[in-house]
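Line by line, the protein sequences give chains A and B. The first sequence begins at 1 in this note's numbering and counts up by one. The second sequence begins at 1 in this note's numbering and counts up by one.
No lab work stands behind these hints, which were simulated from the structure alone. Treat the hints with caution; some may be incorrect.
Since the list gives no way to pick one copy over another, a pair counts as held whenever it fits inside one copy or between any two copies.
As the list claims (entries may be wrong) - Here are the simulated SDA-like cross-link-like pairs (lysine to any residue), alpha carbons at most 20 angstroms apart as the crow flies:
#, residue 1, residue 2
1, 457, 446
2, 236, 446
3, 236, 282
4, 282, 260
5, 436, 227
6, 454, 496
7, 457, 514
8, 457, 484
9, 282, 484
10, 228, 446
11, 282, 505
12, 436, 509
13, 454, 435
14, 236, 459
15, 282, 31
There are 2 protein chains.
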Amino acid sequence: MAASAQPATENMDAERQAPRRGESWWKIHLFRGMINDVRRRAPHYLSDWIDAWDYRVVPATIYMYFANILPALAFSLDMFQNTGTEYGVNEVLLASVLGAVVFSLFSAQPLVIVGVTGPITVFNYTVYDIMNPTGVNYIGFMCWIGIWALILHWILAITNSCNWLRWVTRFPCDIFGFYVAFIYLQKGVQVLERLGSSSSFYLSIVVALLVFMCAYICGIIGGSFLFKHWIRVFIKDYGTPLTLIFFTGFVHIGRMRGVDLEVLPTSTSFMPTNDNRNWLVKFWELSVGDIFLALPFAVLLTVLFWFDHNVSSLIAQGSEFPLRKPAGFHWDLFLLGLTTGVAGILGLPRPSTPTLCVTKPVKELNEKGEDKGGYTFEATHVVEQRVSNLAQGLLTLGTMSGPLLVVLHLIPQGVLAGLFFVMGIQALAGNGITDKLLFLCRDQHLTPSNHPLKAIKRRSAIWIFVGIEIVGFAATFAITQTVAAVGFPVFIFALIPIRALLLPKILSQDELGVLDAPTASPFTMEGIGGSWGGRESEETTEVEEENEGIMAGASGEGAHGATTTGTVLGDNIEKRSVGSTRAG
Amino acid sequence: MAASAQPATENMDAERQAPRRGESWWKIHLFRGMINDVRRRAPHYLSDWIDAWDYRVVPATIYMYFANILPALAFSLDMFQNTGTEYGVNEVLLASVLGAVVFSLFSAQPLVIVGVTGPITVFNYTVYDIMNPTGVNYIGFMCWIGIWALILHWILAITNSCNWLRWVTRFPCDIFGFYVAFIYLQKGVQVLERLGSSSSFYLSIVVALLVFMCAYICGIIGGSFLFKHWIRVFIKDYGTPLTLIFFTGFVHIGRMRGVDLEVLPTSTSFMPTNDNRNWLVKFWELSVGDIFLALPFAVLLTVLFWFDHNVSSLIAQGSEFPLRKPAGFHWDLFLLGLTTGVAGILGLPRPSTPTLCVTKPVKELNEKGEDKGGYTFEATHVVEQRVSNLAQGLLTLGTMSGPLLVVLHLIPQGVLAGLFFVMGIQALAGNGITDKLLFLCRDQHLTPSNHPLKAIKRRSAIWIFVGIEIVGFAATFAITQTVAAVGFPVFIFALIPIRALLLPKILSQDELGVLDAPTASPFTMEGIGGSWGGRESEETTEVEEENEGIMAGASGEGAHGATTTGTVLGDNIEKRSVGSTRAG
Numbered sequence: 001m002a003a004s005a006q007p008a009t010e011n012m013d014a015e016r017q018a019p020r021r022g023e024s025w026w027k028i029h030l031f032r033g034m035i036n037d038v039r040r041r042a043p044h045y046l047s048d049w050i051d052a053w054d055y056r057v058v059p060a061t062i063y064m065y066f067a068n069i070l071p072a073l074a075f076s077l078d079m080f081q082n083t084g085t086e087y088g089v090n091e092v093l094l095a096s097v098l099g100a101v102v103f104s105l106f107s108a109q110p111l112v113i114v115g116v117t118g119p120i121t122v123f124n125y126t127v128y129d130i131m132n133p134t135g136v137n138y139i140g141f142m143c144w145i146g147i148w149a150l151i152l153h154w155i156l157a158i159t160n161s162c163n164w165l166r167w168v169t170r171f172p173c174d175i176f177g178f179y180v181a182f183i184y185l186q187k188g189v190q191v192l193e194r195l196g197s198s199s200s201f202y203l204s205i206v207v208a209l210l211v212f213m214c215a216y217i218c219g220i221i222g223g224s225f226l227f228k229h230w231i232r233v234f235i236k237d238y239g240t241p242l243t244l245i246f247f248t249g250f251v252h253i254g255r256m257r258g259v260d261l262e263v264l265p266t267s268t269s270f271m272p273t274n275d276n277r278n279w280l281v282k283f284w285e286l287s288v289g290d291i292f293l294a295l296p297f298a299v300l301l302t303v304l305f306w307f308d309h310n311v312s313s314l315i316a317q318g319s320e321f322p323l324r325k326p327a328g329f330h331w332d333l334f335l336l337g338l339t340t341g342v343a344g345i346l347g348l349p350r351p352s353t354p355t356l357c358v359t360k361p362v363k364e365l366n367e368k369g370e371d372k373g374g375y376t377f378e379a380t381h382v383v384e385q386r387v388s389n390l391a392q393g394l395l396t397l398g399t400m401s402g403p404l405l406v407v408l409h410l411i412p413q414g415v416l417a418g419l420f421f422v423m424g425i426q427a428l429a430g431n432g433i434t435d436k437l438l439f440l441c442r443d444q445h446l447t448p449s450n451h452p453l454k455a456i457k458r459r460s461a462i463w464i465f466v467g468i469e470i471v472g473f474a475a476t477f478a479i480t481q482t483v484a485a486v487g488f489p490v491f492i493f494a495l496i497p498i499r500a501l502l503l504p505k506i507l508s509q510d511e512l513g514v515l516d517a518p519t520a521s522p523f524t525m526e527g528i529g530g531s532w533g534g535r536e537s538e539e540t541t542e543v544e545e546e547n548e549g550i551m552a553g554a555s556g557e558g559a560h561g562a563t564t565t566g567t568v569l570g571d572n573i574e575k576r577s578v579g580s581t582r583a584g
Numbered sequence: 001m002a003a004s005a006q007p008a009t010e011n012m013d014a015e016r017q018a019p020r021r022g023e024s025w026w027k028i029h030l031f032r033g034m035i036n037d038v039r040r041r042a043p044h045y046l047s048d049w050i051d052a053w054d055y056r057v058v059p060a061t062i063y064m065y066f067a068n069i070l071p072a073l074a075f076s077l078d079m080f081q082n083t084g085t086e087y088g089v090n091e092v093l094l095a096s097v098l099g100a101v102v103f104s105l106f107s108a109q110p111l112v113i114v115g116v117t118g119p120i121t122v123f124n125y126t127v128y129d130i131m132n133p134t135g136v137n138y139i140g141f142m143c144w145i146g147i148w149a150l151i152l153h154w155i156l157a158i159t160n161s162c163n164w165l166r167w168v169t170r171f172p173c174d175i176f177g178f179y180v181a182f183i184y185l186q187k188g189v190q191v192l193e194r195l196g197s198s199s200s201f202y203l204s205i206v207v208a209l210l211v212f213m214c215a216y217i218c219g220i221i222g223g224s225f226l227f228k229h230w231i232r233v234f235i236k237d238y239g240t241p242l243t244l245i246f247f248t249g250f251v252h253i254g255r256m257r258g259v260d261l262e263v264l265p266t267s268t269s270f271m272p273t274n275d276n277r278n279w280l281v282k283f284w285e286l287s288v289g290d291i292f293l294a295l296p297f298a299v300l301l302t303v304l305f306w307f308d309h310n311v312s313s314l315i316a317q318g319s320e321f322p323l324r325k326p327a328g329f330h331w332d333l334f335l336l337g338l339t340t341g342v343a344g345i346l347g348l349p350r351p352s353t354p355t356l357c358v359t360k361p362v363k364e365l366n367e368k369g370e371d372k373g374g375y376t377f378e379a380t381h382v383v384e385q386r387v388s389n390l391a392q393g394l395l396t397l398g399t400m401s402g403p404l405l406v407v408l409h410l411i412p413q414g415v416l417a418g419l420f421f422v423m424g425i426q427a428l429a430g431n432g433i434t435d436k437l438l439f440l441c442r443d444q445h446l447t448p449s450n451h452p453l454k455a456i457k458r459r460s461a462i463w464i465f466v467g468i469e470i471v472g473f474a475a476t477f478a479i480t481q482t483v484a485a486v487g488f489p490v491f492i493f494a495l496i497p498i499r500a501l502l503l504p505k506i507l508s509q510d511e512l513g514v515l516d517a518p519t520a521s522p523f524t525m526e527g528i529g530g531s532w533g534g535r536e537s538e539e540t541t542e543v544e545e546e547n548e549g550i551m552a553g554a555s556g557e558g559a560h561g562a563t564t565t566g567t568v569l570g571d572n573i574e575k576r577s578v579g580s581t582r583a584g
């Protein structure tokens, strides 16, 4: 357990948050989660700035800048084409800046980068598809969705809704990740699809394929035995941006110069893409009917953000990163509401997640201590600070200036399509569904007997679990292809009760224990009352009976007696070993 | 040693061939090599047909058919474009048929497939570049090169020249292989380069990249843990032909239908590509001057074939294949001379090598016998017979018929360019120079201590060795780009004395022993008097002193006393373990 690493303050908080027996679940302690978050995190605020005095912050900032801006550019192209040019590069960049500044200065999880992602892109242009025929002012309507969403986020933050996060296991996360990966791949195809049938179309495909291949090879080299550690890390971290820069120039070589390639559309620096509006959206000009019509959309957006933001934060603070400063989900949800509202008022799309972690290669020694030639990455120390997030936000702001916008305007759309392919395949490669599918496809004679999934005796159990995951993904992906796409957050959200109520009836405790797992480390889950194994009794007393199996399943051990002991810290939760997933 | 597996007849031959001490090297026993080859091999002739009653011969035939015809098609396109349409698909196919029929019926090494390869393509079109300005009849001139080459091959066969093969270690083979790989890659680029700058050009690049990616992924799956063994083997063996077929159809889907793609040019079935000639070349119409001008070219061709054919045969019968029937290099060189002459008279390009081997996955067990999850391929049994070679030749003949020629005419040039890329990367991946370069690039902290090259204490020794290899490759590749390309066989051939005379002065015995090795197993080398370690004294007595170091190096052990014991079979030669290079 991570408890040993915690300062005394957390243990005090834990006591304060400890359940009082017999208390009913409907007594909601308003603001309790947020206040606890601030209390826990505030003592670290100064150190968040002082700790940044570390040489690793500089490369981390540059890495985060690219990791954030590249997808943003790809999504800006997608939104520009799908929202009648209402959203463009400037909106997406400014949204990233807004998220970076607010979260770096005020959030409880300053390592979490907030930016424009795939799902929000889908949401935005489906709203456009639905509302455009009605003749409503799209940006004004989106603004009201933002304002309503702000209210809903704040209600959820005040009512400690993030405590429900403990129900979110890897199951819905993997499905969501799988869904997002396919959205990326589809976006890449769509970007290319629009380019007609001339030389420009085919050259764009060539460039997209080459970008994909180069970035993929960089990833492979990054995880290989080749070159010294720092060269490898450099190639892994900067391979994709350098590939993108290279191919932006590449298309001007030789006979390719003669092809008139479609590039990333940009507009006047620091100004909205649509010349007919100011940054401040005239939201007061909307009719009352339209304002209330925005509410159901805001509910969907809130469901999406509650899931997407929290889950991304959880994963980013997964058990593989040895974080020592506490998390604060309630407070951050409040902040997310704020940025959502502000983004709405400024007519921006809205903001999700990498994190800063330093790894070193550690030789893998077998039992005799002999060198097997393998190695694993071990996160030795995470520099938990606010500077890199703020700095990358300011860099993004700088990217909005004239000269840099000219550079962005050189990027061929084919390069961005390739970037979508890279993002899609990377997301697939790291996904739990992919891992399980690969296991099922393996030659059983060549599967090592110590493979974790071999602990499951019933092979059909894995098929059932993966089958349900794929059906969940397929349903979500299918709805995204229709005008009802805006409802996809409901599908994702419905996976949580499916996991909690349906799966235990089909699969046994032990099977679920191997197939599924808590999303983040016990230490991170603490801020939301621990994970299933060591949960607060408050929310779970009523549903205890039918869920006992899953709880145990999720924690990997029997959870009997957890509700009566009232332990907040999940001492009986097995620490998940995820180091192996990062092994070469 | 393989000696235990040999029937008694071989041992008798060995005695017959055993060196007589004091005999001078210049006493050439004409025909001795050929006669011994026939004596050794003849007793197996009947079993070569009877042993073919094995279900594995069917898939092997199909595999060999595709493995032979696909490169042939790619080279036919290259020659068609570079020899003023004198050589086309029909010539290349008929050359393959000729090689297959002659070698399957009469050769001492019936598993060796003879076909048109990259180096002969380079040779052919350089001759065209040189001779075309003189106005000579190209096909007639090539015919005379063939006739001269026949005479030269026969002289070499009669004078037991293949005994010199023992001097051919992996060093020149790796350089030659590296050179051929780059020729493939360059051919792929050249095929694409000729396609102008329209949609057709860019679509062809797309198709080439996709063919490469698909075939590469098939190769990866073939060597992975995925799927059952037979599925994996199927994907590995037929992935490339199926990819080629798929993409031939793929370019007719959707908007690609509108692009007028360049395809493989074909002509009337069973007829020469050039309508103005018959299969029989009118070689008597050439002037005497031109006939003698063909002689120096024939010398170069003979040098190339002597090296290419013999080395390919050696590698195909490498120590990883447990062959039990003896080889016969002298006899096969004689046959090669015959096919070269006949091909010349018929106006065909000339014929080189895969082999038939069945592998099964074997679990890799560590010292405790625990399952490590790794596995290696182990060649269990090679079906040594003549049927598969003959059958694939007849299949190739069938491909020359009208209907199938129409199908070949559908293959886009982009697909063939992709095929060149696949062949090039596959050749590079299996090359010794690539292996050593990868070793040098490895993070030394992550290199297992039992890596073979770690046995060399002086790291610079590896650099020197690889450096010389790369210089050798670069010089050969560079000359290929000039009109002097026709002289490249001399460069390759010069590597043998460089290895024998120069390298031992720079590198120590032990270092060379690790860096270099004999090309084939001791059992195969026996037909040419054994390899360095256990060689006949005949040719080597005079040069013994200065070469002792290399000899030892090549065999991996000290060779002291080998000349005095007169052992034909290299009992003191370490059996090379190459199984590891085929591990997943």
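Results for each hint:
1. Taking the shortest Cα distances, residue 457 and residue 446 sit within 20 angstroms of each other inside one copy (17 angstroms), while across copies they are farther apart (36 angstroms).
2. For the identical chains of this complex, residue 236 and residue 446 are inter-copy neighbours only, at 17 angstroms across copies versus 30 angstroms inside a copy, given an alpha-carbon limit of 20 angstroms.
3. Neither within a single protomer nor between protomers do residue 236 and residue 282 lie at most 20 angstroms apart by alpha-carbon distance, with minima of 45 angstroms and 62 angstroms respectively.
4. With identical chains, the CA atoms of residue 282 and residue 260 are never at most 20 angstroms apart, being 38 angstroms at best within one copy and 53 angstroms at best between copies.
5. For the identical chains of this complex, residue 436 and residue 227 are inter-copy neighbours only, at 14 angstroms across copies versus 31 angstroms inside a copy, given an alpha-carbon limit of 20 angstroms.
6. In the homo-oligomer, the alpha carbons of residue 454 and residue 496 never lie at most 20 angstroms apart, since the shortest distance is 26 angstroms inside one protomer and 53 angstroms across protomers.
7. Taking CA atoms no more than 20 angstroms apart as the test, residue 457 paired with residue 514 passes inside one copy only; the shortest distance there is 11 angstroms, against 47 angstroms between copies.
8. With identical chains, the CA atoms of residue 457 and residue 484 are never at most 20 angstroms apart, being 41 angstroms at best within one copy and 68 angstroms at best between copies.
9. Proximity of residue 282 and residue 484 under a CA criterion of 20 angstroms is satisfied in neither setting, with 28 angstroms inside one chain copy and 76 angstroms between copies.
10. With identical chains, the CA atoms of residue 228 and residue 446 are at most 20 angstroms apart between copies only, with a shortest distance of 9 angstroms across copies and 32 angstroms within one.
11. With identical chains, the CA atoms of residue 282 and residue 505 are never at most 20 angstroms apart, being 52 angstroms at best within one copy and 85 angstroms at best between copies.
12. For the identical chains of this complex, residue 436 and residue 509 are intra-copy neighbours only, at 18 angstroms inside a copy versus 51 angstroms across copies, given an alpha-carbon limit of 20 angstroms.
13. For the homomeric pair residue 454 and residue 435, the shortest alpha-carbon distance inside one copy (13 angstroms) is at most 20 angstroms, but the shortest distance between copies (35 angstroms) is not.
14. Taking CA atoms no more than 20 angstroms apart as the test, residue 236 paired with residue 459 passes in neither setting, with 36 angstroms inside one copy and 27 angstroms between copies.
15. Proximity of residue 282 to residue 31 under the C-alpha cut-off of 20 angstroms is found in neither arrangement, the shortest distances being 32 angstroms within a copy and 100 angstroms between copies.
Checked against the numbered hints listed earlier, the structure breaks hints 3, 4, 6, 8, 9, 11, 14, 15; every other hint is satisfied.
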